[in-house]
Amino acid sequence: MKKFLSIILALTITLSVCLSLSVSVFAVDNADVILYASADASENGDGTFSSPCSLLSAKNKLKEYKDSGKSAIVYLLGGTYEFDGMLSFDSTDMPNVTYKAYNNQVVEFSGAKAIKGFTESVVNGVKVFTKKLDTANKNWYFKSLFSDDNKLSVTRYPETGYFTVKATAPEDDLWTEENTPWEFTLGQNSFYCNTEDIPFEFKNSEDVNVRILHYWHDELASITALERETGKISMSRPSSMRISDIDRFYFENVFEALNNPGEYYVDRAEGMLYYVPFENEKADTLTLYGSNIDKLIDIRNVNGISFEGIRFTRTDWVYPEADWVYEGSWHDEYNIEFPQAALFVDGVVTVEYAHNIHFKNCEFTNLGGTAIKLRNGVKNSSVENCYFYEIAATAIYVGGTNCLPGENDYTQNITVKNNEIYKYGRKFFCGIGI
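According to my numbering, the residues represented by the sequence shown are 1 to 434, in order.
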């Protein structure tokens with residue numbers, strides 16, 4: 001069990017680690033400006049307790065105080081704030097603002113939408129609930145599904161155990177032993193499995209993922225071609241580490257494996273959601289939550305933004321990409337994932353070039369990426385007394401550029417203290433706690 005209690009960590013980033021005395025300062029309740037926001041606020045809400053505004057409206061109302069030198073609190077009334085996209089904070093926003101759950105009420109920032117109105121059917125010999133999805137919405141397709149409390153399971157084939165790679169396919173490798181940029185990689189685009197391991201055609205095979213387990217890393221890619229006669233499997237991205245004929249692998253998101261309670265399958269061709277219910281669930285009363293949003297909060301070029309008592313929850317996952325680090329490298333050129341610590345998985349909450357950014361008494365749960373990612377140029381910031389549970393990659397990432405103190409990219413005085421981190425690396429297995 002990967003679990004850390006009361007973790008105290010301070011990082012100064014020049015690719016070195018040192019102790020740093022930094023004090024977390026949170027806004028107090030006698031701020032100069034106070035607004036109230038609600039998840040179901042009226043469009044005409046003025047931000048008072050009796051007439052709260054929306055979260056986005058509160059953020060925009062505070063822009064007029066940007067250069068005032070004042071501080072502000074936005075009290076968030078209890079409820080689920082459904083995000084249609086990422087909420088961005090930048091140099092146009094007011095600094096020194098705290099977004100805080102009002103009177104300890106339950107406040108959720110959610111990347112998922114409710115799905116109701118299921119119909120009972122039978123698939124693969126078991127009872128399933130189906131729901132025709134709104135394919136007219138350009139963002140209708142999602143990969144992550146949740147119940148009220150938990151992330152639900154994508155299908156897996158084989159359902160238990162693993163297959164073993166039969167042979168490699170050197171004809172498709174990016175590099176040879178002589179010209180590889182790293183001794184642990186050949187940039188393999190395909191491999192061979194035993195033909196008896198795939199006794200049937202996969203429905204919508206382009207939506208099936210293959211996961212290879214080897215070394216200290218797991219490869220995750222979709223299938224671009226599957227030759228059942230030869231057992232050759234071609235992948236959507238090269239492997240970051242060498243594939244060998246002893247490696248274990250299995251398939252994910254396989255329609256034919258849909259048969260256990262809590263499993264689901266989204267048929268992109270049909271626009272249909274299939275779900276295998278638990279015994280006590282009923283089609284006409286069940287509510288599930290589908291998410292295709294992978295980022296909730298982005299903060300950059302603004303100082304003094306704090307969040308207190310908020311639950312960040314229910315976001316989707318995306319394939320990791322080298323879009324923010326190692327530009328011009330072979331990772332960047334060939335879209336090869338970094339083979340350690342889920343480094344290229346981006347943050348559900350991302351902070352860059354910002355100072356005095358604080359998270360206190362928050363909860364991060366059922367998230368499809370790294371929960372909090374503090375990147376280049378973050379200073380005097382903290383994550384304290386927070387709870388992390390069911391995180392797809394890493395719980396808390398603090399990183400930066402190898403540079404001298406005083407430079408804009410320099411990251412320093414980051415306090416990570418007294419957090420509980422439980423069940424991380426749930427989708428990207430090489431993710432770490434901190």
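Wrong hints could be hidden among the right ones.
With a cut-off of at most 27 angstroms between alpha-carbon atoms, the simulated BS3-like pairs for lysine-lysine come out as follows [unchecked claim]:
#1 Lys143 / Lys132
#2 Lys166 / Lys203
#3 Lys138 / Lys166
#4 Lys113 / Lys379
#5 Lys360 / Lys379
#6 Lys423 / Lys70
#7 Lys423 / Lys360
#8 Lys132 / Lys282
#9 Lys282 / Lys131
Pairwise CB distance ranges, derived in the manner of DEER restraints [claimed, not checked]:
#10 Asn204 / Lys66: 28 to 36 angstroms
#11 Asn30 / Ser222: 47 to 55 angstroms
#12 Thr164 / Glu321: 26 to 34 angstroms
#13 Ile34 / Glu327: 37 to 45 angstroms
#14 Tyr387 / Gly161: 29 to 37 angstroms
#15 Ala225 / Ser88: 34 to 42 angstroms
#16 Asp148 / Ser91: 51 to 59 angstroms
Simulated from the structure, these hints should not be mistaken for lab results.
Heads up, the beta-carbon is just placed ideally off N, CA and C, and yes, glycines get one too.
Item to check | Unmet hints by their number, sorted upward, for this structure | outcome: Numbers 3, 4, 6, 10, 16 - these are the hints that the structure violates, sorted from lowest upward.
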